[in-house]
Amino acid sequence: MSGEQTFFERNYFLLRRLHSLSGIVPIGMFLIMHLTTNSSVVWGAINSRELHDTAMDRGVATFQHEVSFINNLPLLLLIEIFGLWLPIAFHAIFGVYFAMSGSNNVARYAYQGNKRYALQRLTGYVGFVFILYHVATLRWGWSWLTPGGTQWSHYFASSTLAAALKGSGGEWSFAGVIVSLGYFVGVTSLVFHFANGLWTAAITWGLTVSEKSQQQWGRVCAALGAGVMLAGWSALFGFVFLVDHDRAVAVEEQMVVEKYGPEYLEKLREKYDLEPEMQASAIRDAADRPYPGPAPKLDD
Amino acid sequence: MSNTATNGQPSSAAPVPTRTVTFRIKRCDGPGQPTRWEDFKVPVVPSSNVISCLNWIAEHPVTASGQQTTPVVWDCSCLEEVCGACTMVINGKARQSCSCLIDQEAPREGDVITLEPMSKFPVVRDLWVDRQRLFKGLEKIKAWVPIDGTYNLGAGPKEEPDDQQMRYTLSTCMSCGCCLEACPQYHKEEQEADWENAFVGAAVLSQARLFNAHPNGKVLEGERLDALLGVGGVNDCGNAQNCVKVCPKEIPLTESIAAIGRAATVHAIGRFFRGK
Ligand code: SF4
Ligand code: SF4
Ligand code: FES
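Same order as they appear, the protein sequences are chains A and B. Just so we're aligned, residue 0 is where the first sequence starts under numbering that gives the first Met the number 0, counting upward by one. Just so we're aligned, residue 0 is where the second sequence starts under numbering that gives the first Met the number 0, counting upward by one.
Keep in mind the hints are simulated off the structure, nothing from the lab. Please note that the accuracy of each hint is not assured.
[To be verified] Simulated DEER-style distance windows between Cβ atoms: (1) T168(B) - A135(A): 49 to 55 Å; (2) T168(B) - Y96(A): 34 to 40 Å; (3) Q214(A) - V81(B): 26 to 32 Å; (4) A135(A) - V81(B): 57 to 63 Å; (5) T171(B) - V128(A): 44 to 50 Å; (6) T69(B) - R9(A): 47 to 53 Å; (7) Q215(A) - G29(B): 47 to 53 Å; (8) R273(B) - Y96(A): 27 to 33 Å; (9) A63(B) - N103(A): 32 to 38 Å; (10) T171(B) - L131(A): 46 to 52 Å; (11) N90(B) - Y96(A): 33 to 39 Å; (12) N103(A) - E191(B): 22 to 28 Å; (13) F89(A) - E191(B): 32 to 38 Å.
Backbone N, C-alpha and C define an ideal beta-carbon position, used for all residues, glycine too.
Could you build the full structure based on these sequences and the hints that come with them?
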């Protein structure tokens, strides 16, 4: 054993276990909450106490309430930075580093476990790219990367999301097809990565030692994964195929009026009148309102 | 078979039917030398195994195209699948050549058997590899029961049959290296200097569990776990679980890995609160 150990070597065990833990808490827990919240656009349509004409209007209103609740959380930016962005960056950077120590020999050893091992690494890469795109476009406001240049707004959560997935005004565009498919692949990858990671974490930490217990826990993880997958897919399906953009805008405008008064809505409208194509996707300015984090640019 | 009848030979010593199997062997003249493939047509009799065929090739070092070559080199010892020395990659799968029967692996006339050295160890020559890193790994985790001392330790403690049974299974490991050959986290390291931080592999993790479970071997548990907390230790396993699938001794390697993971978790937390 020659020479000094590096910081990395000295803390290797801790870093490894933090990497494992961070995938479950907070990232995995957040994934569950995030996807169930999103699926509220569908379950809100099925089962909601909102007073609106159509089922999808009620879904849009339910989702809007969820989003508003989250955006009213105190210290949201701190929660985001320390609860999400840093853990995800940590998990991703070390994950890529650790994954590089592996190799792929599925062609020779085509066992189920080996396929999962390979998929875990692949979905990690895919998921990370997807998260970067997702957060950059919808949270950091890199609207030039969305179909139709849509800026997501937490005041117009459903309509702007539909527009950011499909294209301006919630009309399908070619880029929108790509982005929607990308969301499907990204969400599916991440849910698999989470469920499978939850399974292997129990081995890593030594919770499931016997083969039987590993199998049983495997079934629990598969069931949980299926549930989360269902939430994710239904949400995506809802925003892509069920939400009517213009009706959603009407519901959301009504909610803005109820919460902030008609003057504020007027202000938003004035701004949009200058930019008709922006009005079509209903957005932009909303993030001017008290919302932590870098405000989106309003020029050009 | 019917040979006797048609040949009309006396039936006292019935000739053994032979057939020909082609061996495609990856050759290498020494460390760092280029590799090449050579084919050999080998007459096989029932119950031949790969080693008996290699013996035949050693006597007849002529390739299928009639070229004189050097005898193929390989390693073996016990010839009954307990020493692990003869492990090589046969038709793509790592296994012991002494227990690989031609009747099963190449049942038809003209079948081909491919032989390669294991890819995760430095090649000494042809099919003979150097598994020294595996033994260094066993040293690293002190895979022994410390009983040498200045006084008589007396009789060993009483054993539960269940524990004994579990340990017996683990103790059948022959350090053959199949589990390492199949592991996507285990890579070839030619230089001994690089072994320290390279993954020890499933066999070593399982042996750590074996000796930690031994009533006397337990005294070294802390040292074994310390060695496995670092780079190249238990955390380097990626849970692909190929090892358990390929182990010829059917050792529950993934259970061993999880057991060491559990012990490591407890050990590391204990170390944190003890402050050392
Ligand atoms: S654990 Fe099995 S495969 Fe690995 S070295 Fe031991 S006997 Fe061979
Ligand atoms: S479970 Fe671990 S040791 Fe076994 S093959 Fe997979 S990565 Fe290698
Ligand atoms: S010679 Fe010992 S296992 Fe084959």
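Index of numbered hints that the structure contradicts, given in increasing order: Hints that this structure does not satisfy do not exist here, as all of them hold.
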